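K.L.:
The whole structure should be built from the sequences, with the hints applied where relevant.
Just so you know, the protein sequences line up as chains S and Y, in that order. Under numbering that gives the first Met the number 0, the residue at position 121 of the first sequence is numbered 120, and the numbers go up by one with no gaps. Under numbering that gives the first Met the number 0, the residue at position 217 of the second sequence is numbered 216, and the numbers go up by one with no gaps.
Think of the hints as simulated: they come from the structure by calculation, not from any bench. One thing to keep in mind: the hints can contain errors.
Put simply, identical chains are the same to the list, so a pair is met inside one copy or across any two.
Stated by the list, open to error - The calculated DSBU-like cross-link candidates involving lysine-lysine, where the alpha carbons are at most 35 angstroms apart (straight line), are:
id: 1; residue 1: Lys130; residue 2: Lys196
id: 2; residue 1: Lys153; residue 2: Lys38
id: 3; residue 1: Lys405; residue 2: Lys5
id: 4; residue 1: Lys165; residue 2: Lys153
id: 5; residue 1: Lys5; residue 2: Lys403
id: 6; residue 1: Lys86; residue 2: Lys350
id: 7; residue 1: Lys218; residue 2: Lys405
id: 8; residue 1: Lys38; residue 2: Lys403
id: 9; residue 1: Lys130; residue 2: Lys197
id: 10; residue 1: Lys197; residue 2: Lys403
id: 11; residue 1: Lys226; residue 2: Lys350
id: 12; residue 1: Lys210; residue 2: Lys280
id: 13; residue 1: Lys350; residue 2: Lys196
id: 14; residue 1: Lys156; residue 2: Lys196
id: 15; residue 1: Lys350; residue 2: Lys403
All figures in this text were calculated on a predicted structure; none of them were measured in a lab.
Protein chains: 2
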Amino acid sequence: MSLLIKNVTAITMCEETRVLENAYIATRENRISYLGTKKPEGTFDEVIDGHGMVAMPGLINAHTHTAMTLLRSYADDMNLQDWLFQKIFPFEDTLTPEMVYEGSVRGIKEMLSTGTTCFHDMYFFQEETAKAAEELGIRGVLCEGITDPVLEKKIEKTEKLIEQVKKSEGRLQVGISPHAVYTCNEDTLKTCADYAKKHGFRIHTHLSETKTENQDAEKAYGMSPTKWMEQCGLFDNPTMAAHCVWLSDEDIAILKKYDVTVVHNPVSNLKLASGIAEIPKLVNKGVNVALGTDGASSNNNLDLFEEIKLTGILHKGTSLDPTMLPAWEVLKMATINGAKALGFDDLGMLKTGYLADLILLDFEKPHLTPNHNTVSNLVYAVSGADVAYTVVDGRIVYCRGMQKPKFLSETL
Amino acid sequence: MSLLIKNVTAITMCEETRVLENAYIATRENRISYLGTKKPEGTFDEVIDGHGMVAMPGLINAHTHTAMTLLRSYADDMNLQDWLFQKIFPFEDTLTPEMVYEGSVRGIKEMLSTGTTCFHDMYFFQEETAKAAEELGIRGVLCEGITDPVLEKKIEKTEKLIEQVKKSEGRLQVGISPHAVYTCNEDTLKTCADYAKKHGFRIHTHLSETKTENQDAEKAYGMSPTKWMEQCGLFDNPTMAAHCVWLSDEDIAILKKYDVTVVHNPVSNLKLASGIAEIPKLVNKGVNVALGTDGASSNNNLDLFEEIKLTGILHKGTSLDPTMLPAWEVLKMATINGAKALGFDDLGMLKTGYLADLILLDFEKPHLTPNHNTVSNLVYAVSGADVAYTVVDGRIVYCRGMQKPKFLSETL
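P.N.:
Structure below.
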């Protein structure tokens with residue numbers, strides 16, 4: 000498979016090039032074979048005229064529970080304990096592999112159609128999510144959620160998953176997901192840490208999502224969830240910690256020391272009333288920050304462009320400083336920072352030799368003209384619905400093309 | 000013109016009916032002639048099969064500066080003073096009527112395509128915005144922004160605008176817009192108040208958007224902007240006050256006393272770092288709250304569904320209470336509360352006899368299935384891009400229809 004996109008505005012996410020107008024992007028097999036302003040030589044299986052479109056690296060949704068699309072709008076506007084124990088957990092007790100497959104298909108279609116090309120998942124029956132991901136062509140790192148008390152079985156499931164994803168041409172990988180300090184006891188956390196170290200896996204966990212989580216950890220362990228995870232050896236492995244709403248300066252120093260990535264989920268954190276993570280402070284301290292949607296039951300969609308915009312505006316509003324987290328920094332969180340967190344050194348930028356995961360956005364819509372600043376528009380004006388093509392590993396995996404809806408003054 | 004929508008899920012925004020499944024909605028001329036679950040008699044010029052779609056009243060964008068689409072992404076991530084005085088105001092000094100017309104066309108197209116059927120505008124050259132609105136068929140209340148020192152000319156422009164909108168079959172109305180306490184002196188505010196009273200106009204203004212505005216008013220007048228506006232007689236007219244981020248309890252009592260509507264613009268308030276208006280407190284005190292996008296230079300789009308979602312989640316996050324502002328209350332702000340604020344008693348609900356302003360949303364997209372709760376999904380999962388049809392005064396003014404994009408597992 001080879002693909003040529005011509006005459007496109009490319010947002011490369013490289014600090015050196017940033018924006019390339021009238022660019023050509025060529026892919027051969029699953030890599031970007033050329034990026035520049037001269038027409039590349041050779042023939043291509045497919046050519047897309049990128050006039051009126053903007054290309055950028057595919058987005059990386061660094062924390063989600065894809066199959067929870069099944070629970071979208073199932074329970075909202077509720078107290079957190081009631082939400083979890085009266086609605087979400089009882090529903091999840093009825094889940095079957097078939098249901099998780101169906102939920103995963105919907106969730107992956109939603110992600111591909113809104114610009115996400117790589118997702119970092121944590122849920123049950125991950126073999127079904129793997130199957131859906133393989134069919135739909137998305138890239139992902141899949142983690143079977145691990146909670147007490149049935150640890151061995153879940154480690155077994157992870158081992159089966161490792162076998163299964165070998166068929167995916169490298170698009171799918173496996174990680175280890177001890178769910179959180181409040182659902183995993185000391186033994187579970189330490190076993191996960193050891194297992195990850197033995198197999199070279201990355202850790203995917205929840206950390207300091209709510210104030211209650213912190214208070215309970217203080218009671219149980221006499222320390223913050225961050226310190227407790229450090230003490231259990233989790234951070235001796237590359238780790239992505241979702242939420243991190245309630246961190247002390249000491250916690251932040253620990254995360255920085257171990258190069259733990261914080262995954263910011265601003266929509267979920269607001270909707271569940273968890274609070275607002277201090278992202279500017281984390282960025283300032285040099286912590287790697289990526290973005291996630293969380294599951295569709297607490298968001299309630301998987302359009303990462305919403306997280307991008309909210310991250311871009313929320314911290315300005317709470318700090319009363321409109322220069323906080325400028326557009327470019329936020330776009331990095333959704334692309335290169337996510338790639339780095341997942342251990343890729345060839346993903347998250349448009350660059351020759353990098354994996355050919357990219358999206359094309361239709362910039363001829365009324366709300367994107369005039370276009371004084373493409374980077375600003377990608378953060379503050381675009382929605383996921385502006386994505387016209389999604390490419391993963393050099394294959395077009397989603398296509399809507401350029402839309403021409405009708406207005407009264409035209410020919411209705 | 001007559002229209003029949005059959006087999007649709009109707010969110011009526013009436014407290015009594017709320018959600019009607021398998022509903023028929025009929026319109027004749029510019030009114031809803033039938034709403035119910037039996038097929039209405041008679042023939043219709045146009046029939047839409049609403050299977051898989053959701054109908055609701057068209058959204059009301061209660062505060063915007065439509066032609067500022069011209070300034071979208073022109074200046075972002077900047078200090079407020081630099082933004083205004085180095086970028087926005089110098090650009091606006093170069094505006095011509097032709098530019099305002101072009102900007103208005105884009106903005107109105109954007110609003111119609113994202114579900115807004117009525118807008119409350121404040122800007123320059125409103126005769127051009129009126130022309131664009133008339134061509135595109137949207138409903139609106141237009142207000143020429145009034146600032147010192149050229150008051151008479153602006154009152155004259157308003158009088159011309161009144162003549163112009165007489166051609167619009169009632170779809171366009173005129174209001175009076177003293178811009179704010181920091182751009183209008185005492186004489187200007189009082190003249191606007193008197194003029195509105197004489198002609199029976201509504202007032203559209205900015206109020207307590209920033210902390211600085213409050214501090215400056217205290218210095219200049221020894222009181223809050225709210226008290227000063229009350230003293231100048233503005234609130235003796237029906238008034239819509241945009242922003243209201245920095246209100247004291249005394250200010251809130253004044254707004255309640257005069258039945259002033261507060262227009263909440265959460266995206267703009269965050270992006271410009273103005274702060275977060277205390278909407279739950281206002282609602283609790285019985286103040287009417289509507290929603291607005293503000294202009295595209297501080298948002299940067301006019302998709303009111305973003306304001307709906309952000310209002311639904313932001314105040315949960317800041318109060319740490321997930322039951323705050325439930326979905327139904329937020330939808331009211333975007334529909335019936337906006338209608339009430341603009342003086343309509345026949346707009347903002349799907350109800351027989353009401354104005355036929357409504358939207359149909361495509362609920363067959365991956366991110367809207369399964370649909371456990373339509374009201375929740377309208378607030379937390381939908382984006383403006385899900386709007387398939389927009390109807391104003393019984394006319395289809397925007398049409399995209401149901402979309403079927405392609406995925407890899409299908410027939411790419």
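K.L.:
Which earlier hints can't be squared with this structure?
P.N.:
Hint check: 2, 7, 10 and 11 fail, others pass.
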